[in-house]
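S.K.: Now for the letters of each chain:
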Amino acid sequence: MIESVLIVEDDEVTRMLGALVVKKAGFARNIISLANGLAAIDYYKELIQPGDKLSDSYPRIVFLDLYMPVLSGWEFLEEFMRSFLPRFPETRVVVLSSSVNPEDEVRALAYPIVIGFESKPITVSFLTSLAQHWNLSGTV
Amino acid sequence: MLSPKQSEELFNFSPVAGIILKPDEPVFTVVKLNCAFTQLLAGQEKQLTGQSFLEVFPVCADRNAGSLENLRRSLFQVLSTGTSQKLENHEYEVPAPGTDTFQKRYWTLTLHPIFNDQEEIQYISLSIVDVTDYALLEKKSRELQERNVESRNFIMNAALDAIICIDKKGAITFWNPQAEKIFGWKEKEVMGLILSDLIVPPAFRKRHEQGVDRYVKTGHGPALNVLLELTAVNKSKKEFPIELTVLPLKQDGEEFFCGFIRDISARKQQENQLAKLTERLTLATQAISDAIWDWNIKEGKIYRSEGYNTLYGYDFPAQKWPENFWESNVHPDDIGFISARIREVIENAEASSWTGEYRFRKSDGAYAFVKENIIIVREQSGTPIRIVGALQDITKAKEQEQANQKERNLLRAIIDNLPDYVFVKDRELRHVINNQANLRLLGAKTEEETLGKTAADYFAPEIAEIIHQDDLQLFHSGQPIFDREELVETPEGKRIWIKTTKIPLRDEKQEIIGIAGISQDISILYEKEQEQILVQNIITALGKFESIDDALVETLRLIGTFMQFRMGEAWLISMDKKELLRKGGWAEEAIAEIFSYNHRSGFKCGEGFPGIVWQNQQLEVWNDIQVDNKIRRTEQARLAGLNAVVGLPILYKGEVIAVFTFMTDTNITYGESISLLLQQIAVQIALDIQRKKSEDELNRFFNHSPDILCIFGADGYFKKINTTATSLLGYSTQELLSRPYYEFVHPDDQEFTKCAIDKVFNDNVPFYGENRYITKTGDIKWLAWDCIPVEGEKLLYASVKDITEKKGLEEEIVRYNERIGSILESITDGFFAVDKDWEVIYLNREAQSILEVCKNSFLGKKLWDVISQEISEKFTAELHRAVVENRFVQFEEYLPVSDKWYGVNAYPSGTGLSVYLKNITNMVKAKQKLELREQRFRRLIQDGSDLIGILDKEGNYLYVSPSTRQVLGTEPEEYLGKSAFAFIHEDDRERILRYFELLGKEKRIQIEPFRFIDSDKNYRWIETIVTDMTDDPSVGGIVVNSRDVTQRINELNEREKLIEVLTQSNKDLQQFSYITSHNFRAPLSNILGLMQLVEGNPIEDPLLQDILDGLKKSTLVLDETINDLVKVLIIKDSPAVQKEKITFAEVLEKLLMHLKVPLQEASAEVLINTGEAPAVYFNQSYLESIFLNLLTNALKFRSPHRPLKIEISTSRNGKNVVLRFKDNGIGLEVERYKDRLFGLYQRFHDRPDSKGLGLYLIKSQMEALGGDIGIESRVDAGTTFTLTFKNNP
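Each protein sequence line maps, in turn, to chains A and B.
For the first sequence, our numbering assigns the number 15 to the initial residue and increments by one for each residue that follows.
For the second sequence, our numbering assigns the number 147 to the initial residue and increments by one for each residue that follows.
Because the hints were derived from the structure by calculation, they are not lab data.
Check before you lean on any hint, since a few could be wrong.
Stated by the list, open to error - Calculated pairs, EDC-like style, for lysine to aspartate or glutamate (alpha carbon to alpha carbon, straight line, at most 20 Å): (1) B:Lys1273 - A:Asp118; (2) B:Lys1273 - A:Glu119; (3) B:Lys1273 - A:Glu132; (4) A:Lys37 - B:Glu889; (5) B:Lys1213 - A:Glu132; (6) B:Lys178 - B:Glu201; (7) A:Lys38 - B:Glu1241; (8) B:Lys640 - B:Glu675; (9) B:Lys940 - B:Asp861; (10) A:Lys37 - B:Glu1241; (11) B:Lys865 - B:Glu889; (12) B:Lys1213 - A:Glu117; (13) B:Lys1273 - A:Glu60.
Produce the entire structure from the sequences given, and follow the hints as far as they go.
M.R.: Next up, the structure:
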């Protein structure tokens, strides 16, 4: 079980579902759910504030939706790579999308931190195999 | 001291208005007045000195009678007392400067006696100070103050509490009516008395005084600003409990106290009674395990049992329950409702018991669910005297129920939030579940009210019947119904199109237990489609109707009906573009009569409603047209009850070409949708209207030509003929078109006319000829024909002139020649005469030399024997004709040996024939030349729309054909002498100049289309052939032959634009598909995820379980369907799939491993022979998918009577690789299904795991890479698929 995961997803039901499944699979202790890319960027900005002890237990896995209002998953990935990756190097992203456009998958997997492109819904079995495959264990 | 003069000046220029009066009462003559006073008179130049003051005092005498009386009295007073008098701040009506009106001013007047040396009053001085501004200010502030006091007292007196104010010394300054009531003292009795003496009981008086003192000294008062419960005493010395709040206040620097007091005797009494009741209850209910309470209302006592301790953990010894124990422990969300219900029951004299459930807080803070039973004991009168209640802890049962409910709610919330209409029906087709969207569609407020109802309860009978039949069919067949389109009416009366998909819900035994459906509103798509159909219809109408007027009427009718207008008119811009002309009108039958009269037919730009639409070039909507005569035909609008008018300009190339006006009865909201729709229609039909208009104009030219113009088919019929023909020949157009042309030709001319026309068609060359036509009345008309074949069309354009008159003249000449012919014997022309037997009678020298005969031997011989010159057959024939018909013949004969032309005139006479031969060689040659040129020119110039011009070497026009009028709208004379280049678009000029320079080297140059200006300063596209004929003396210039190809160029440009738009829209559509599938999948994946979470949670309600199972199954089907569709979308969308060299055997081996188990179950034998073509260039995943589909198909449709046998073999066929896949399964009837075999969702066997997608996918994948698939099959023998691969990398 890892310390925390971040779910970035604009659909409220999907977000709730994600949290339920993560909890059911015993995948992570803490679940941070945010409604779009901008909220996620703000979250990381908050984390790098000096003196914030939480920044060590930053989420190792981010479940990212692609098409969101305000700031899309694409924009988030760009911004994260540019501004935050050096500070949070162990972050890995799993894109969770309903997109059927094959170009989206190619484009997403081109990012080195993206380790998977999964169709929704997120399932317990997927999380179990993800944990096994990446040997995710507590880092704190 | 001042000198008298100085005094006078001081008086005169004082800013205070002053006047000196004589004391000669009652007149008070004016002696002197100063400048300031004159100003008060407001320019009323009156002679005042010597007049009576009271008469000239500058105020309105009528309105100020009282003031004047005051003034008079003051004057008398000055006289009688010898003292000064002052009239302060009085209101006067004073003349306003420069007007005849009066204004209100406030003046202070001072009257002062002036004594002489004898102490007698010699004069009275009167001064006026204007204090208006101060007076108004003061008045206002006074009003304000009064109002404040008033409102404060009102609040204080109306207060429910007694309000008492005291000053620092304790003296009463305010005492409101409620205070009078409570304490028995009247306000006037207590004002100014010390408060504590009056209402504080003697025992507390000292403490009260100390408190007031302390506050005054230290500013500290613990009793201030808080609610106190004290004892007070009233007028009759009775002590009672009160509630008191004291506020220290400060006003105008003065400190005082204000107390709010309430009598709480009654409440105190109740509290005491309650305490007694409690005791009783403890005893009565200690033994019972439920928490019991007993409220003796009469005694006001409440008792609570030991159950409150054992069940809820509350233990208050000696029944000392805190106040509001119950209220403060009922869950805040429940208290409002529950207490209201209980109160209701208690107040209802009939009610004796109540049962309810709510949440009750235990002492550890957790909430228990309790069920409470209450029994009310009442007096005879119904007044409750005792209430007993029992609280039962039902937390466990409740929690279970809530958990179930939560799951249900979750699913419901999801379904309810879908924008699509979701419903579930049971076996009897009654509604079971409807989501919010569907409830709105049904017009139901709650789901309960839909229970047990069917479609017939909600939809119009015909719609309900369709739905019912669909549902029955679904039950019957078990097949889902996809995308059924239905027109339904919403509760608001709006008609919408919905697209419905219904699927059966099955139980574990696969029996259908209901229907689940999901519908989508597709009205917007439908409306767009309707609009498109409308535009299509209009364009069809414009093409179909012969005349533009009829076409426009149809257009109006189509738009009008579609938009629910009631009448419409179409106006076209006249050819000179100066006027809008009414071309057609349409109106609903009911009002057609009103609009059938002959209207004013034209409007100028900006004139009338159509003219304004023309001027503004935009959609105009006017409402309330019956008001103010907004339009010219307000009267008709009133009669027809029409209120709104819409004007739609039709713009072509940025110019208005037509205006459509419509009227309707209700006012139109100028919304975006209506304007957008109309403008779209306008844009889409503009080109066609312009085309129709041009056609109409062309027709007019056609019909108004002085010559007959016609189009003629190779089949011998006229295809089109103008009105000139009908008026000349007397036949109607219909008659002319319906019979072969030669039926109208003079019988003698029919033969040669036919030959000539055949020749024109066969050789494809122009033709000129003359023949006779017979009119309807039997007259003969000579017509001259000029025909040009249209290449490749089997048509002939002809322009025909009536030359009857000319022919008549010719005949006249013949007759004349006949008369004088015999006299011309001595002429120098050749002449000879023969008798009836063709024996030569006479032959002159000239004739001898012409015909080359010897004079000595010809007399008495036959003519034919003596002529050695080679003569034509015509010569012989014509002479015979002259004799036989006994008529003069004249013809031209060419004699090749001498190369000369002769005019031959043969005159028959009683004895024989006289023949003249005239050398006309020069004439004929000149004439031939001339005729040829004339013909050519006439054809070029007269025919249709070609522009002919002749230029000199510098490019200046020498001649321009009249066709400029039709093509460019200009007069040909305008061009003469001007340079042709001046009319060419500057961007094209350079290019054309270069062509022009080539003329020295080339005779004939074809020039690509360029732009040439027309009369409206627009550029037309012109295609030109330039021929240098400078050397030809008859022309002497450069001939330019041009044709207007604007429409072709424009169409070309439009086509290119269209392709661009289509390409873009294709991309958009692709993007749209992706977005749609994304949006569809997103909520669906949520449902799937939620379903997975629901699993494992027990559900007790079996129906709900069924519904959930049904929903899950349906959702899985829907998910699979979408995934399938996405697969198809991706194949259809990827033009370039990666190809690589693939070995068949490897792929097959992998798949056979994968399908090992099912193949073993089927005892299948698979034979593979790929020796001839072991590999192919193809896409790996496609090939895997294809084989997988073929193998699973073979497994699915294997015969139950024999073990499955599959044979796979490959071969080469030229460059292609062919793979045969053969099984021995149940097969199918290829002939029967051949059109649908490879279609989407086509199934040929009813098997639950067959989706009808496999063959479609295979075909799509094969075709995506240029391959193909074929099938052969026999029922119960097997199926062979033949796959042909294009084997290139």
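S.K.: Compare the structure with each hint and give your call.
M.R.: Status of each hint after checking the structure:
no., hint, result
1, B:Lys1273 - A:Asp118, "15 Å, holds"
2, B:Lys1273 - A:Glu119, "15 Å, holds"
3, B:Lys1273 - A:Glu132, "16 Å, holds"
4, A:Lys37 - B:Glu889, "99 Å, violated"
5, B:Lys1213 - A:Glu132, "26 Å, violated"
6, B:Lys178 - B:Glu201, "15 Å, holds"
7, A:Lys38 - B:Glu1241, "12 Å, holds"
8, B:Lys640 - B:Glu675, "18 Å, holds"
9, B:Lys940 - B:Asp861, "9 Å, holds"
10, A:Lys37 - B:Glu1241, "16 Å, holds"
11, B:Lys865 - B:Glu889, "15 Å, holds"
12, B:Lys1213 - A:Glu117, "14 Å, holds"
13, B:Lys1273 - A:Glu60, "42 Å, violated"
Comparing the model with each earlier hint shows violations of hints 4, 5 and 13; every other hint is respected.
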